[in-house]
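Undergrad: The whole structure should be built from the sequences, with the hints applied where relevant.
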Amino acid sequence: MSDHHDDEHAREHDLPLSGPALRAKALESLLVEKGLVDPKALDELIDTYETKVGPRNGARIVARAWVDPAYRKRLLENATAAIAEFGFIGRQGEDMVVLENTPKVRNVVVCTLCSCYPWPVLGLPPVWYKSAPYRARAVIDPRGVLKELGGEVPENVEVRVWDSTAELRYLVLPERPEGTEGWSEDELAEIVTRDAMIGVAQAKAPGQGKR
Amino acid sequence: MNGVHDMGGMHGMGPVEIEKSEPVFHSEWEARVHALNIACSFHRKWNIDMGRHSRERIPPAEYLAATYYEKWLRGLEMLLVENGLVTAKELQSGRPEFKASAVNVLRPSEVASYLRVRRLARLDDKVARKFKPGDSVLTHNDHPIGHTRLPRYARGKRGVIDRDHGVFIFPDTHAMTRDKKPQHCYSVRFAARELWGHRASARDSVYLDLWDDHLDPA
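For the protein sequence lines, the chains are E and Z, in the order given. The C-terminal residue of the first sequence carries number 211 in the working numbering, and the numbering is unbroken. The C-terminal residue of the second sequence carries number 429 in the working numbering, and the numbering is unbroken.
Incorrect hints may have been included.
[As the list claims (entries may be wrong)] From chain Z, some residues computed to sit far from chain E (all C-beta separations above 12 Å): (1) H237; (2) A339; (3) R340; (4) K343; (5) G345; (6) S347; (7) M387.
[To be verified] Simulated crosslink set (SDA-like; lysine to any residue; CA at most 25 Å straight-line): (8) K343/Z <-> E158/E; (9) K130/E <-> S252/Z; (10) K52/E <-> R64/E; (11) K40/E <-> K343/Z.
[Said to hold, decoys possible] A few chain E residues that don't get close to chain Z, going by computed Cβ distances all over 12 Å: (12) A26; (13) N101; (14) T180; (15) A189.
Bear in mind the hints are in silico, worked out from the structure with no lab data behind them. Heads up, the beta-carbon is just placed ideally off N, CA and C, and yes, glycines get one too.
TA: In structure tokens:
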């Protein structure tokens, strides 16, 4: 850890073989030489997380729940099984819980101790979710965080914060926006954002009511 | 452990900053570190709870200064040495002293199926539950030096069992001695004011997943 960067957000590229880049390369070389790691498997893993999993998966779950009351019921009763119907299973999504937002309740997900996040349905977490400010503040000042990230929550709406301290992984089922009556499941999936499924924003229809 | 990783409720961390572009990885080395962690977990020399505890043991000043994947790199180095896959000397020199003998290695063709393996923390053991939904509980006021999933902000606090998730591995022992100590895991609801006092909204609450060993009847 000899080379810390003040601003990881602005950083697009590391200098060639500086601090952690050098250490990572040295470690990979050692593990490959020792016969513990196949570098081609690393390529495959990276491709999976860059291109095959992401919040589009979760958006399909939410859109289905919005149009299909029976699916919604299954999803809220046994999220793991209902999500597996789409084939979204495995690492960091072994046991799923879906939290239903209503006009009176907003759910927000955090992991104060580390970075727990439902990979099969949302992909890898964004930097802010793993950052000290979010982990520190989401539990003590959820309304302040929501105001910064997704809009103020009215005083008469209850905020429930879910700190992922076990191997359960949480997905928020946002409210279906007004003005989306008659939309197809695919159209609905387009407006379900990652932040709405973490619970820091609401799903919104562009030009609500104009379609 | 009362480490700096246990961040819930800390002040002074600044605003939550959102990146504009949000790439999955910010540079090649981050991607390699992520993949190395998964490829090394294939050897099953440690469990997920030991993995978490490795990152918690990064010295506090380093932990706070490190980026996310720097922590994962540092944690992986610890796990490799502590569990005998790599020696400290090898890590320092970068040169292998011995080659691994006839081990199975994760191959590219196995990646997809490996990621779909459900590494269940949920167990089939028949263990009686100590609480049921609606029961009032008091969390332990305990400060173990080792791994725990009971954050500091929720110790010695009163809550209500919201739901019983069933029997799970108990990470507090699993991380330290590999003892699974099967027991029920619950979502426990705490009024925001019970945790944070009068500045919190009377309407709001925080839910934590806690185990029988964290709880007493209240």
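Undergrad: Check each numbered hint against the structure and report the violated ones by number, ascending.
TA: 1, 11 and 12
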